[in-house]
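Listed in order, the protein sequences are those of chains P and H.
When the count follows UniProt numbering, it moves up by one through the first sequence with no breaks and lands on 206 for the last residue.
When the count follows UniProt numbering, it moves up by one through the second sequence with no breaks and lands on 142 for the last residue.
Please note: incorrect hints may appear among the correct ones.
Unchecked claim - Facing chain P, from chain H, some residues (calculated, C-beta under 8 Å): (1) P4; (2) A84; (3) V122; (4) R129; (5) V135.
These are calculated hints, taken from the structure and not from any lab test.
All values derive from a computational prediction rather than experimental measurement.
Glycine included, C-beta positions come from ideal geometry on N, C-alpha and C.
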Amino acid sequence: MDFKGSDTVPGPRTADHLPHTAQAAVKIVIVGGFGVGKTTMVGSVSEIRPLTTEETMTQAGVGVDDNYGSETKTATTVAMDFGRISITDQLVLYLFGTPGQERFWFLWNGLFEGALGAVVLIDTRRLEVSFDVMGRLEERGVPFVVAVNSFPDGPRYPLEELRAALDLAPNIPIVECDARRRASSRDVLMTLMHFLHSLHTTGALT
Amino acid sequence: MTPPRRRRREPRERAAPEPPKPRHGDGADPAQGTTRNPERLYVLTGAVDGERANLDLVTLIVTRGDPPPATSPEQTALLRLCAAPLSVAELSAYLELPFSVVTVLLTELLTAELVQARAPIVRQALPDRSLLEAVMHGLQRL
Ligand SMILES: Nc1nc2c(ncn2[C@@H]2O[C@H](COP(=O)(O)OP(=O)(O)O)[C@@H](O)[C@H]2O)c(=O)[nH]1
Ligand SMILES: [Mg+2]
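For reference, chain P alone in the conformation it holds in the complex (with noise of 0.2 Å):
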């Protein structure tokens, strides 16, 4: 890579500057397999253009395919998909799109962990897809929605009959979205918020 010099780098637009008065930042996860519409999720609520930031894991014995070289050294890059939703001068909140390759979203450390929560987007097409990183989150205490993306050429379930496929706890909230409306969107952040606040009240999450 040439590094370009500062001033090449492309930055924010003007108008995209957050105020010197911002503070603090919050985060949420999410999470989904190719295709579920992460990506349309993080764009139709964030207030900047969608941007991608990228990590490269290095770790022995995860089993990577080894596809460049024949030692026994694993990298891979996984790329993440982010966007940004001023809440008030003081506070942000940035939502990130995790890639297909769930086997290293758990590598990045404190993506989960700092989360205040995560949504996990089903496809009625693959279910299943989603069970390995629902467990995950389940293991790691960190707490989740499930929003049901409607493609219209996907199998349609009553949401109750989801719910015991997919074995979750009686307060977990599952609602049905459609990624690309801005209010749709918008409608799941808020019933993960008001997940979270219930949690709150009851003293779950510490």
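Start from chain P and add chain H with the ligands according to the hints.
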């Protein structure tokens, strides 16, 4: 037609071992369609296990001072970008550098007191319901 079924999992003990840290600078190829030169990554990140500030993807960074003459192009760019507060994730995106490379560059700038870091509010340290309520009010206005 019935959907496939899953079994709920239980929370693990808090004492579970931390997953290994992502590491840089061991010469491994950053994979998958990037054309990044690994040697350059090595130069940027320096020692593998050097001290690194505890920065989150959403830690906000703000510039405090002008770059001294010897500042690297990458760090000069960081200082310019952070004239207004920006998250580490946004810095990584605009500079097209991996998150942990940016944290190493920022650690030096923090040590030199050229930037200030505004820590994120993380779930474990949730102070009270007012934060959640503030986020809800903000979302309502979308
Ligand atoms: N019908 C329908 N299509 C959607 C919805 N959300 C996303 N899509 C489409 O699904 C495709 C994949 O979405 P994308 O956000 O890239 O998925 P990602 O891989 O999870 O980031 C795109 O063509 C979207 O326009 C939805 O809620 N309903
Ligand atoms: Mg995507």
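Hints, verified against the model:
no., hint, in the structure
1, P4, "holds (5 Å)"
2, A84, "holds (4 Å)"
3, V122, "holds (4 Å)"
4, R129, "holds (5 Å)"
5, V135, "holds (6 Å)"
Checked against the numbered hints above, the structure breaks none of them.
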